[in-house]
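Model the full assembly from the supplied sequences, consistent with the hints where possible.
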Amino acid sequence: MKNAFMGIDVGSISTKGTIIDENDNLLCGEYIYTKGNPLEAVKKLLHLLEAQFDAENYRIAAVGTTGSARKLIGAVLNAAVVKNEITAHAVGTTNIHPDVRTIFEIGGQDSKIIILRGGVVTDYAMNTLCAAGTGAFISNQAARLDIAVEDFGETALKSTDPTPIAARCTVFAESDLVHKLQIGCSKEDIAAGLCRAIVLNYLNNVAKGKKIEPPVVFQGGVSKNIGVVKAFESETGYDIIVDKNGHLAGAYGVALLAKRSGVIRPFDFGITDVDFKITGKSCGKCANNCEVICVYKEGSLVDSWGNRCERGAVAVGR
Amino acid sequence: MKIGIPRAGMYYRYGVLWEEFFKALGIEYVLSPETNKSILEHGSAIMADESCLASKVYMGHVSYLLDKCDCLFIPWLSNFGEYGINCTRFRAFPAMTANLFRDRSPQILTYAIDFSGTQDMKHAGDEETAFLSMAEALNKSKKQVREAYRTAKELSERAFADKVKEAERLADGNGKKILLVGHDYCIHDDYIGKPILRALNGYGVTVIDANLTDRKKAQNDFLKLSDGTLPWIVSRELLGGIVRYKDRVDGIVLLTGFPCGPDSIVNDVIKREIDDLPVLYLLLDGQDGMAGVETRIESFIDVLSFWNAEVARQ
Chain Z
1 MKNAFMGIDV GSISTKGTII DENDNLLCGE YIYTKGNPLE AVKKLLHLLE AQFDAENYRI
61 AAVGTTGSAR KLIGAVLNAA VVKNEITAHA VGTTNIHPDV RTIFEIGGQD SKIIILRGGV
121 VTDYAMNTLC AAGTGAFISN QAARLDIAVE DFGETALKST DPTPIAARCT VFAESDLVHK
181 LQIGCSKEDI AAGLCRAIVL NYLNNVAKGK KIEPPVVFQG GVSKNIGVVK AFESETGYDI
241 IVDKNGHLAG AYGVALLAKR SGVIRPFDFG ITDVDFKITG KSCGKCANNC EVICVYKEGS
301 LVDSWGNRCE RGAVAVGR
Chain F
1 MKIGIPRAGM YYRYGVLWEE FFKALGIEYV LSPETNKSIL EHGSAIMADE SCLASKVYMG
61 HVSYLLDKCD CLFIPWLSNF GEYGINCTRF RAFPAMTANL FRDRSPQILT YAIDFSGTQD
121 MKHAGDEETA FLSMAEALNK SKKQVREAYR TAKELSERAF ADKVKEAERL ADGNGKKILL
181 VGHDYCIHDD YIGKPILRAL NGYGVTVIDA NLTDRKKAQN DFLKLSDGTL PWIVSRELLG
241 GIVRYKDRVD GIVLLTGFPC GPDSIVNDVI KREIDDLPVL YLLLDGQDGM AGVETRIESF
301 IDVLSFWNAE VARQ
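Respectively, the protein sequence lines represent chains Z and F.
Sequential numbering of the first sequence, starting at 1, is according to the numbering used here.
Sequential numbering of the second sequence, starting at 1, is according to the numbering used here.
No lab work stands behind these hints: they were computed from the structure.
Some hints here could point you the wrong way.
[What the hints assert, rightly or not] Short, incomplete list of chain Z residues facing chain F, as computed with Cβ under 10 Å:
hint	residue
1	T122
2	A125
3	M126
[Unchecked claim] Calculated cross-link-like contacts (lysine-lysine; reagent style DSS-like; alpha-carbon spacing at most 25 Å):
hint	chain 1	residue 1	chain 2	residue 2
4	Z	K285	F	K37
5	F	K271	Z	K211
6	F	K176	F	K163
7	Z	K210	F	K177
8	F	K271	Z	K210
9	F	K271	Z	K208
10	Z	K285	F	K68
11	Z	K210	F	K224
12	Z	K281	F	K194
13	F	K224	Z	K208
14	F	K194	Z	K285
15	Z	K211	F	K224
16	F	K37	Z	K281
17	Z	K71	Z	K35
Where is the CB? At the ideal position from N, CA and C, for every residue including glycine.
Now the structure itself:
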């Protein structure tokens with residue numbers, strides 16, 4: 001029986017999972033939509049991974065979680081490692097591209113730039129309060145243009161004259177877009193204009209002041225959009241590497257971190273039959289009225305967080 | 001007469017001075033509690049939407065105090081002469097309070113620091129004259145007010161000097177150190193900045209407050225990062241704090257309440273001028289959830305552990 005390690009990356013839009021062997025080879029990988037329910041998405045993901053998994057020769061020795069729901073899913077899966085997505089992406093990517101110097105990552109609600117030198121992260125930035133120019137933005141605009149989000153990039157490539165669109169703000173971009181449709185711009189040109197606007201928004205905001213040097217790897221759901229990839233290439237002048245498993249980089253990275261942690265916490269796919277419940281309750285013990293998140297396994301509390309002070313602490317009998 | 005002091009805005013700079021002043025005169029005062037969600041919600045409801053987080057918090061505290069005191073203490077801290085000016089929103093607090101709460105006709109006790117126009121710009125530190133102007137309203141003699149001011153001033157300067165000394169000691173200490181750059185009313189506000197301080201402390205790093213630097217020296221130090229046209233007194237001091245501490249820390253965290261005019265310029269200066277330290281920029285807007293902030297802090301701590309200036313310059 002050989003050891004394997006699982007990494008789960010639960011983001012706002014998609015949920016990703018990988019299983020690696022002791023030599024960092026990818027044994028299984030899956031990508032599905034979160035659809036607003038991280039717990040259900042993870043259960044579904046685990047079924048898909050289980051179907052690919054060679055349970056006769058491998059056992060999962062430890063699990064790592066990352067992404068915005070990393071804590072929640074980490075509690076449910078009894079993860080050995082719970083790590084932020086920046087570190088997870090950097091670790092995953094440098095394992096595949098050891099010489100990478102810049103990582104662009106555009107996900108559902110976040111966009112990030114990670115600068116690496118000599119294989120370690122030396123700087124990074126993330127979008128601050130605003131999610132303009134992320135995957136959620138593209139999904140919205142694709143819906144408005146009646147283009148399937150998967151076809152958005154190909155549609156953009158058909159354009160000969162991209163329409164200039166302001167993408168600083170999602171709301172403003174929408175009004176701009178409606179106007180451009182009214183004056184007769186083609187869907188192709190608008191799609192291409194949006195791809196370019198996303199790239200300019202990213203370079204002028206998230207990546208502002210960062211020294212972009214090749215090799216540049218582009219990841220996150222938006223990297224599947226060929227229109228955005230081409231726009232990045234023309235704006236930066238560099239080849240943009242999009243790995244076929246780039247969407248799994250975070251999950252792969254956190255699987256590596258689980259392996260490197262040395263912690264052994266065997267995982268059983270039977271967990272998908274266990275009843276988990278997550279509640280977000282207003283504490284009500286003071287004017288802050290914090291939202292305290294509680295995770296229940298078979299009716300008993302296994303973890304809680306979210307309180308700003310001791311008043312909201314929920315005693316957990318582990 | 002009971003005075004109400006909002007625990008917000010420039011209270012974080014002048015709190016000791018103000019409280020000791022009223023104590024010395026034997027005047028009763030009430031201080032609003034630490035900011036909480038309810039205070040912020042009241043402030044957000046009354047302030048114009050596009051105002052900054054700090055001014056929403058401020059008006060929340062004013063709103064809290066309205067029926068708990070006879071008179072609100074809202075100094076008009078506008079122009080400090082050669083030391084720089086305050087931001088526009090803060091300069092407007094006395095007038096804004098009178099206007100926003102006009103249905104309640106609040107009594108406002110104020111003193112003016114305004115060395116604009118024809119006055120001698122060299123006497124910007126002359127708070128004493130400003131305090132004396134309150135004698136009549138407080139029903140005290142000028143002599144009593146002068147003595148109370150001098151006592152309070154000495155105590156407040158000593159308290160600040162002690163804090164600076166402690167910050168210097170922390171900066172000279174071992175372990176991972178982070179310089180936190182932000183307005184003190186953001187950093188030290190229980191609802192806004194404290195959760196971030198706690199998160200940073202939770203990772204075992206020492207946090208040094210960039211505000212804690214000798215203010216006179218800062219007026220020269222800031223010129224190493226900016227030219228002399230930078231108008232805001234606190235921004236100058238924060239840049240001065242960076243000059244003072246940057247070679248003794250492992251990273252810088254910029255904390256800004258959204259939207260802050262001065263910070264939008266100063267943060268850009270910092271990002272351009274500081275290339276030998278990792279810098280994290282956190283923009284806060286009274287979000288309920290801490291998840292986004294936690295992700296950013298956790299990854300920044302990771303970066304600090306990998307950081308190596310030699311490697312970064314490759």
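Checked against the structure, which of the hints given earlier come out wrong? As far as the earlier hints go, not one is violated by this structure.
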